[in-house]
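**Student:** Taken in sequence, the protein lines are chains H and U. Numbered per our numbering, the first sequence spans residues 1 to 336. Numbered per our numbering, the second sequence spans residues 1 to 618.
In case anyone wonders, no lab produced these hints; they're calculated from the structure. Please note that the accuracy of each hint is not assured.
[Said to hold, decoys possible] Computed footprint of chain H on chain U, listed as stretches where at least three residues anywhere in the stretch have a Cβ under 8 Å from a Cβ of chain H:
1) 128-140
2) 234-241
3) 250-259
4) 291-299
5) 462-475
6) 564-572
[Claimed, not checked] Here are the computed distance ranges between Cβ atoms for each label pair:
7) L139/U <-> R112/H: 54 to 60 Å
8) G132/H <-> R496/U: 44 to 50 Å
9) G159/U <-> R249/H: 58 to 64 Å
C-beta: ideal position from N, C-alpha, C; glycine also.
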Amino acid sequence: MTTIPLTRKDFVSDQEVRWCPGCGDYSILTQTQKLMPDLDIPRENIVFISGIGCSSRLPYYMNTYGFHTIHGRAPAIATGLKASRPELSVWVITGDGDGLSIGGNHLLHVMRRNVDLVIVLFNNRIYGLTKGQYSPTSELGKITKTSPLGTIDYPVNPLSFAIGAGATFIARSLDNDTKHLVDTLDRAAKHHGTSFVEVYQNCLVYNDQAFSGFADKSVRTDRTVQLEHGKPLIFGKEQDRAIKLNGTRPEVVDLRSGEDGDLLIHDERRDDPTMAFILAQMEHPEFPVPLGVFRAVERPTYEELMDRQVRDAITRQGDGSLEALFAEGDTWTVEG
Amino acid sequence: MASQNGQTEELDRVTIRFAGDSGDGMQLAGLQFTNTSAVFGNDVSTLPDFPAEIRAPAGSLPGVSSFQVSFSSYDIYTPGDAPDVLVAMNPAALKANLGDLPKGGTIIVNSDEFTEANLKKADYQESPLEDGSLAGYRLVRVPVTTLNASALKDSGLAGQQIDRSKNFFALGLMFWLYERPFEPTIGWIEDKFSKNPVVARANATTLKAGYYFGETAELFPVHYRVPRAHLAPGRYRNITGNEATALGFLTASKLAGKPLFYASYPITPASDILGELARFKNFGVKTLQAEDEIAAIGAAIGASFGGQLALTGTSGPGLALKSEGLGLAVMTELPLVVAHIQRSGPSTGMPTKTEQTDLLQVMFGRNGESPVAVVAPATPSECFEMAIEAFRIATKYMTPVVFLSDGYLGSGSEPWLIPSLDRLPKIEIKYAADPETFKPYARDPETLARPWAIPGTAGLEHRIGGLEKSDVVGNVSYDAENHWRMVQYRAEKIARIARDIPDVEVNGDQEGDLLVLGWGSTFGAILTAVQRARSAGLSVSSAHIRHLNPFPENLRDVLSRFRQVLIPELNLGQLRMLIRSRYLVDAQGLNRVTGRPFKTIEIETKIKELVGQEVRVG
Chain H
1 MTTIPLTRKD FVSDQEVRWC PGCGDYSILT QTQKLMPDLD IPRENIVFIS GIGCSSRLPY
61 YMNTYGFHTI HGRAPAIATG LKASRPELSV WVITGDGDGL SIGGNHLLHV MRRNVDLVIV
121 LFNNRIYGLT KGQYSPTSEL GKITKTSPLG TIDYPVNPLS FAIGAGATFI ARSLDNDTKH
181 LVDTLDRAAK HHGTSFVEVY QNCLVYNDQA FSGFADKSVR TDRTVQLEHG KPLIFGKEQD
241 RAIKLNGTRP EVVDLRSGED GDLLIHDERR DDPTMAFILA QMEHPEFPVP LGVFRAVERP
301 TYEELMDRQV RDAITRQGDG SLEALFAEGD TWTVEG
Chain U
1 MASQNGQTEE LDRVTIRFAG DSGDGMQLAG LQFTNTSAVF GNDVSTLPDF PAEIRAPAGS
61 LPGVSSFQVS FSSYDIYTPG DAPDVLVAMN PAALKANLGD LPKGGTIIVN SDEFTEANLK
121 KADYQESPLE DGSLAGYRLV RVPVTTLNAS ALKDSGLAGQ QIDRSKNFFA LGLMFWLYER
181 PFEPTIGWIE DKFSKNPVVA RANATTLKAG YYFGETAELF PVHYRVPRAH LAPGRYRNIT
241 GNEATALGFL TASKLAGKPL FYASYPITPA SDILGELARF KNFGVKTLQA EDEIAAIGAA
301 IGASFGGQLA LTGTSGPGLA LKSEGLGLAV MTELPLVVAH IQRSGPSTGM PTKTEQTDLL
361 QVMFGRNGES PVAVVAPATP SECFEMAIEA FRIATKYMTP VVFLSDGYLG SGSEPWLIPS
421 LDRLPKIEIK YAADPETFKP YARDPETLAR PWAIPGTAGL EHRIGGLEKS DVVGNVSYDA
481 ENHWRMVQYR AEKIARIARD IPDVEVNGDQ EGDLLVLGWG STFGAILTAV QRARSAGLSV
541 SSAHIRHLNP FPENLRDVLS RFRQVLIPEL NLGQLRMLIR SRYLVDAQGL NRVTGRPFKT
601 IEIETKIKEL VGQEVRVG
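Model the full assembly from the supplied sequences, consistent with the hints where possible.
**Tutor:** Quick look at the structure:
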């Protein structure tokens, strides 16, 4: 056991960080390292597993156990590790290409199984490591090296996907709002079940300012809305606007006009995912972009259910005997 | 049971093929006949053959399912080249199988099913029972459907349900004909249908009705006795290759004292292994049915990183999907076993048919220089020990190992001498534990294995991955000389396993005119062909390789002692290519890719062609 308390430094590996200067990944790395000591988990019980892409280099920089695997497959590898070693704290680091393109199938299944993992998806809406091709989250019509006339693929919304897959914890944060980021990761780490966190992450080289229209500090309070359980979705510098529902359609209302009767109250614990889905569909510039925890519900995890089946089988049948198993069915003896 | 009528004739070997519609329960009848014969004391060998479609149109040729069982009073190694007796439950079954029955063979038909409609489905213009086309055979007509229905008229079952029991009637008849007891099957029926006593009673009733029908109907002037075989002393059960495979992996986990983790995606004919292992939860086995083949090997790699005995299994195109995962296990030098049950290809191919066409894929089908160890069982019961061997090598050398079986081995069965657990060697596993000396890519000087350092071990926090790593330290490295060194380490590590595996044995003289060299499921046909050629006076020996990568150390020497080498394979010459390139031996091939195992006669004929003498007939 490592000695507790540890500090951020205990989680910094001896490897030189090799992201481009100014990359949003630095901030996510720092906040992750900062969070670690507060989780009270022995360092040796923490494992970071990643796929391929810029984001997926993160495990090399964490002084924990780490596995930089193959493109898109980190959720599968993490599932095998967590299912067989439930006592470990297992994190999956992925990106919009790794998680939603080549690895979309695994991401779907890990969330529906509710394996107790923290999945952090760095969404920069571009392929960075391969030098600037469009990704499955790139906006329609985006001009990149491989789409000189603009993309014709409709983008996937990572949170809507996660909701559809039945993830039990879904959140969104920003690389440039470090306080919000570390708080969101903290909530994700403490959730029991699959936690899916989308982080809007700026790629300075290939997709700079992809999120600046709402994420820059100067406009953030006006163009984003913080989700807080049990509270209305109020936003704006003057805290003067809010969201209300018209049927299933969200609307922005001006609180100064005296409208405060039936504001939408955020309920992250609601089992029915419909509201979370409506919130996930709110996009800039029509709406303020929701940030924080969209959904946090409890249900038994995959590895718990797997362990329970093993325990129940032992209770019911007793510890397995190979001798008995070998001799199952009809046997006969040839005398010597 | 003593004979009540007619004569009894003693035979030393009989081969029966049960054939019917895929809904007729022929696999079940064949398996019961096999188990009963095995329990009775015969040696047995089986060849199930069934369509991939669960229910092809009833009565059609593609819907025919068959089960061949050979049973004998001496050691046999194959299910027989051709049946002596064909049980055909409908016209399609007769048509699909008649070509394999030698003239003079016995055909037992369910004559009730030779209706105009069924004949048409099987593309018969006229009934073969009437047109004289079966004149060269001994044809026995049994109205099985009618007799079964009358035996079960008071069973409480409806017509269609009654009809489903007719395989038991036919089985009972065959039990009588070959003097087998029906009690073991009655016991099996009572167990299998314990929740449905009406069906259980009906099946038992018609089984006995079939038996007594044989006794009283005087359709057969003689019935037959095949005495017990002289097997090695000990306790036996009948086992299929896939059952033995599952038991072997489970036993490896016991011998290693580490939990078994199996992740797999259902695929014919490997799915049985997932089904078997999923039953063993009270042994602490964890099974995960993954979303796809890639996730299956991924989850296994994750479990291996966590210190488990990690296993994945697949067949056919599934292996292609696992290639990248296998490469990751090579690069990260984690122990992993991939059970690959070969089937006909390419692509989807013929899922239920057997082949040996994936050897080169297993050896080389990954990007980069990516060596893996390969072991291949030769018989269904040998799947047990080779499964253990796969994990011994994987954990000792920190490497992926492919356990290369095939559909014929996996679904075929034979008697298995139940091993005594305390005779099986322990698998020693030591995880790294010392933070002072730990380096992720330091190597054991003898095996070149790197340490297995599992999460949860304080002070050993480290990072691995698919990027090339620096020697000893294990950091990401693009250094040219380092890469060259690591490429050689990975190759040398696999090569050194050769020091640690048994020599290949030669059956017959240690030198001579011809060595017949084989691997995998061709074992029985090769051995039998060579035995026959030797008793005809030919200078022929055989050898069978269980370790395909690396090869046994004495293989070069063995090859050099024979003037010619013949390699029969169910592919276009894959082992032959390896042998020729490795040893510069001008090996000849006997190659067939039909989805079916070799017949002994095919190999025997080729031996004769090469050593230039007559094969003794009979």
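**Student:** If a hint holds in the structure, say so; if it doesn't, say that too.
**Tutor:** Hints versus structure:
1. With 0 residues having a Cβ less than 8 Å from any Cβ of chain H, the stretch 128-140 of chain U misses the three-residue criterion, and the hint is violated.
2. With a threshold of 8 Å between beta carbons, the proposed coverage of the stretch 234-241 of chain U by chain H holds, since 5 of its residues qualify and at least three are required.
3. For the stretch 250-259 of chain U, the assignment as covered by chain H holds, since 4 residues bring a beta-carbon within under 8 Å of that chain's beta-carbons and 3 suffice.
4. Proximity of the stretch 291-299 of chain U to chain H, defined as three or more residues with a beta carbon under 8 Å from a beta carbon of that chain, is established by the 7 residues found.
5. Against chain H, the stretch 462-475 of chain U contributes 7 residues with a C-beta closer than 8 Å to a partner C-beta. That satisfies the three-residue criterion, and the hint holds.
6. For the stretch 564-572 of chain U, the stated coverage by chain H is not satisfied: 0 residues place a CB nearer than 8 Å to a CB of that chain, which falls below the threshold of 3.
7. Checked against the hint of 54 to 60 Å, the pair L139/U and R112/H passes, with Cβ atoms roughly 58 Å apart.
8. For G132/H and R496/U, the hinted distance range of 44 to 50 Å is satisfied, since their beta carbons lie about 45 Å from each other.
9. Restraint check, G159/U to R249/H: a C-beta distance of roughly 60 Å satisfies the suggested window 58 to 64 Å.
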